[in-house]
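The sequence shown maps to residues 1171 to 1883 in the working numbering.
Heads up, none of these hints are tricks.
For each label pair, taking beta carbons as the anchor points, the in silico distance ranges come out as:
(1) 1554 <-> 1407: 53 to 59 Å
(2) 1565 <-> 1651: 20 to 26 Å
(3) 1554 <-> 1813: 47 to 53 Å
Note that these hints are calculated values from the structure, not bench results. Using N, Cα and C, we set each Cβ at its ideal position, and we do this for glycine too.
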Amino acid sequence: MSTTTAELLKGAAELFPDEVVTQAHVRHLDLPFGAGRFALITLDNGFDHTKPTTFGPQSLANLDLAIDQVEKEAAAGEIVGAGVTGKPFIFAVGADLKGVELLKEHKDALAIGKGGHEVFKRLAGLAVPTFAYYNGAAMGGGVEVGLHCRYRTVSAALPAFSLPEVFLGLVPGWGGCTLLPNLIGADKAVSVIIENSLNQNKQLKGVQVYELGIADALFEGADFLEQSLIWTASVLKGEIVVDRPVIDRGEAWDQAVARGRSVADGKVHGAAPAAYRALDIIAAAKNGDLQQGYDAEDVALADLIMGGELRSGIYAFNLVQKRGKRPAGAPDKSLARPVTKVGVVGAGLMASQLALLFLRRLEVPVVLTDIDQERVDKGVGYVHAEIDKLLGKGRINQDKANRLKALVSGVLDKAEGFSDADFVIEAVFEEIGVKQQVFAEVEAVAPAHAIFATNTSSLSVSEMASKLKHPERVVGFHFFNPVAILPLLEIVRGEQTDDASLATAFAVAKKLKKTAVLVKDAPAFVVNRILTRFMGEVQNVIDEGTPVEVAEKAVEPLGLPMSPLVLLELVGPAIGLHVSETLNRAFPDRFTVSPNLAAVVKAGKRGFYVYSAENGFKPELDPEVSALLKQGDTVLTEEQVRARVLDAVAQEIGLMLDEGVVAEAQDIDLCLITGAGWPFHLGGITPYLDREGVSERVNGKKFLAPGVASVPA
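Build out the structure end to end from the sequences listed, making use of the hints.
Okay, structure coming up:
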């Protein structure tokens, strides 16, 4: 270890006293076929696979010491090769983000980048061939340590492989941006580093890692290391020669970078710097100068570590991974009752999606009811068809498909369907009288212990339960569309909901693999209330006279998954209008009902836009909608629109927190990330409002404490 590297890592380790330290164990073995003595470094933090191996400063120092030993053995001719692998199921999942959060100075952030590079580069510089054996999950720095080796094998059982840094607000900063395009070509590297990251951190499987050319050989998981060592022996003896394609360093490289910029523009609209910094490094890596690339990675890494995007990204990651799994305010789970049969009132699309989800996750009988046999049959038919799709894709086998189909049924008579149900959820028309009637009918036939859940998006759960003999067993269970994809489940406690019903709802949510957030019974709960205020303000400026395209473009810097009016199209203008009317009744001073939106709904339009092949299916204002619009003469700039919208959102969130709709601002952000797809780089919304000064301008204070989603003071 060089003195400089040792000092860098020692200084960094002092800043991070709580690091979960990874050891780098060196053992020696004789390779098959008399190929010689081999040094194998195993990365292991001493915990099982539920606590993946990471690289903090002390962990890097341990790997450095292991390389010291191997380097001496290689120089003395005592070994013919060296390899790196991980503990069972885990190779390594990159830098320890808990340590990154603590950094306050640019120089300390720079030390983390340089320290990783200095250690990993030594693998490439050994006097013997080096091998990485990706035996399990590999992400970030875990992928990168392998890229510094000469050869790589991968397990077919490997479930997750990625360079997720751009997703979090970083760049792959320990060689990823430089080495990967030089190994597999710029276009494939852009897919892994930019496209997959911005596509909700998409992971690669072992087979894909091999097909991309990142790994030179693929072996089954059961005897992966054994087969890798046999392959290693053959490589070292010259019996296997690894041919890698010649990398196109011409126009194809430039086109790949341009494609990456187009992907980034489409996802974050220039609002988040990480993707663009990564693309700059990939572009410069075209000349094959590795050290130049490493230096650029160091600077980008340090700049981004000291920026708001990464802090928001880590904050968002922690919300989803930690807070999302331990919901604030949830009752003791021991109070939850078993659920052995589920009833679904309704057999429309939403009800059918819910039936499918309960069926797949709980694997208990699920029965749908509706007002006529045709609807019931259609609902059951939908579930059967979706099971057949899963079978066709190889996601389930024939036996499982048969079993699931046998568990779902439909009846007209609620007494027949629900007399032994433990959990009944309604997904009928969004009208309070209809829902009250449904619950009265269910209460008359369901067992005394059954929980009644409503999938209402905006109506009062307490009012829905108010006419029942046992209102304490009604709970809000609000899913987001599409049900199979969006993780959020807003669990609403009515005024009389008891702890056992609530605990059961949380237990069911966990089995459904949903992110549950406890919400007070307030109009439109969390996501719909914020989105309605957000979209309502956009609609207001359009009604007042600002052109549609200016209003839409104004919020692009937020990097949202879609523009407000495209989102309205997805939700459905009629539903958007209904929710705005509900909130207008509750809060007439802040929520408006747009006459233009009402006119669009009355005209039966599906949205504001039309799409044509000639225009590349980009949204264009529908001429018929344009003719309907009645606008004033107040025209705002993009900056003025953005300020209006953000001020409105900050005000609404402040009021929701004052009302106790959720426990903390963190729950607002968790809801927006998991229920509305708001980007990780914003941290939801409150870190962004704090960073832009909106929170203090509107509410006189920030939503989050210093150091939470920001650089510590």
